[in-house]
Each structure stands twice: as C-alpha cells, then as structure tokens.
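Student: All chains, full assembly: derive it from the sequences and hints.
Going by my numbering, the letters in the sequence shown line up with residues 52 to 287, in that order.
Hints listed in this document are in silico derivations from the structure and should not be mistaken for laboratory results. Only true hints are included.
Heads up, simulated DSS-like pairs for lysine-lysine below, C-alpha to C-alpha not over 25 Å straight-line: (1) Lys150 / Lys249; (2) Lys275 / Lys249; (3) Lys167 / Lys150; (4) Lys275 / Lys68; (5) Lys249 / Lys167.
Values in this document were obtained by computation on a predicted structure and should not be read as measured data.
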Amino acid sequence: MFYEIQGPDRLIPMPVKTEFAELGGTPCYLFDPHNEAFKYWFERFYGSNALVVHVDGHSDMADTVSAQLSPDQNIDIYTEYLQIDNFVCAAAHHQVVSKMYHLMYSYLGDGLRITKYDHLETQVIDDTVLWQYDQYNPPRATETELIEDVNTTQLPIIWDFDLDAFLCIDEILDAEENYIAIARARIDDMMDFLSRLKRPDLVTIAQSTYPDEWTPRDYVDEIKDYFTYRLAELLQ
Numbered sequence: 052m053f054y055e056i057q058g059p060d061r062l063i064p065m066p067v068k069t070e071f072a073e074l075g076g077t078p079c080y081l082f083d084p085h086n087e088a089f090k091y092w093f094e095r096f097y098g099s100n101a102l103v104v105h106v107d108g109h110s111d112m113a114d115t116v117s118a119q120l121s122p123d124q125n126i127d128i129y130t131e132y133l134q135i136d137n138f139v140c141a142a143a144h145h146q147v148v149s150k151m152y153h154l155m156y157s158y159l160g161d162g163l164r165i166t167k168y169d170h171l172e173t174q175v176i177d178d179t180v181l182w183q184y185d186q187y188n189p190p191r192a193t194e195t196e197l198i199e200d201v202n203t204t205q206l207p208i209i210w211d212f213d214l215d216a217f218l219c220i221d222e223i224l225d226a227e228e229n230y231i232a233i234a235r236a237r238i239d240d241m242m243d244f245l246s247r248l249k250r251p252d253l254v255t256i257a258q259s260t261y262p263d264e265w266t267p268r269d270y271v272d273e274i275k276d277y278f279t280y281r282l283a284e285l286l287q
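Tutor: Right, here's the structure in full:
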C-alpha cells in the first residue's frame, strides 16, 4: 500500500488503483473510495434502472447531490464530486438504479440484516437532488423475499460490496487476534447466501481505506485476498 504525506508526521494511504477482472464473464471492479462505483454503474446501466444487492457496513443512503453537475459532461469529475454515502442517490437520479437491498452483519452479532429500498425516486429542490421519500427507516426484508425478487427480476443486477461489511472500525469486536477469523466467517456466510442468487451483470467492490478508514488498514489486504478468492470460486 502506498502512502502520501498530509502535513507533519501524518501519513494516509494513496488512492487504490482500480483493478478489473472478468469472473465467469461477469465484469468486476475493485477500487477506492466507494463513490467510484457510480462511474461503472453509469457506464453500463444508464437508463436501465438496475437492482442493486448492496453488501456494506453502512447504507450509503444520504442525498444532497448537486443538480447543476452532470455525468454526461465529464464522468470522472462528476464521480469525484460525489461522496461515499450519496452515490446511490446520484445513480437513482440518473435512472441507473431503481431498487436496492442492503445487507449487513449486525454489530450486535445477531446475524445478517436485510433492508429493502423499493422506491429510489428523487426530486430536485434549489438545484439539489434529494430523495423523494424518506429513506432512513426502510422496511426489513427476509432472505426468501430477496432471493425470489432477484431471481425473477428482469432488471440488470449489480452486486456492490464494501469490505467494511466484513470488518469495520465502527465495531467493538472480540480480541484483535480474532478479527480475520470474524471477517472470514462473514465472507463464507455471504458467499453461501449469494450462491442462491441469479448471476449478477456487474460486481463493484470498495476497499474503504481511502480517504477515510472504514475497513481496518492493517487487515484489508487479508480480507481482500480472501474475499476475491471466494468470489472467484462462486462466479467462475
């Protein structure tokens, strides 16, 4: 991992160079920060209203996106302008996505939690893109409901991952020597669940170590290596 100096005695990781692979014919991108996902979603699914399976330690459902900027003008500048928590709103506004399931492991240790965002509709007020409906108290969904919906949809399917879903600095976990074991157990559980879903049309993966640290930097390489190994097993 490369570092840059930010003032005296302060080092932060450099941005992760985007990695690309095709796994069983499915394009997969790995990058940082998470708002980079917008670019790959937009390039493939503009106007398609895709369904997103969003595996993340956070919902990323903030809004407040400038309506004065457009990805049609310069996709890289627009993507860089976005934040790690509002890129889904931007994607909904540009009819890239229309529905999302958010999957996360509860910090309380009670297993997989699924919420459903069925109405990803936006409005523009004072040149600002906002959600049309409240997105901060979404209904819970069951595994069966998600599986049936994904496997019968005619919409394109995106699997979107944030590695902080498997180990996040927000969590109070067991002793540090158990961190990788916890992350691996969650990855194994997630791959078992995803094996019951229809193959995605696109996979996007954020490391979440830059510019802010959400996946612990000391462990991200081990988590990434194991996650990509299991994902390749699933999709090949």
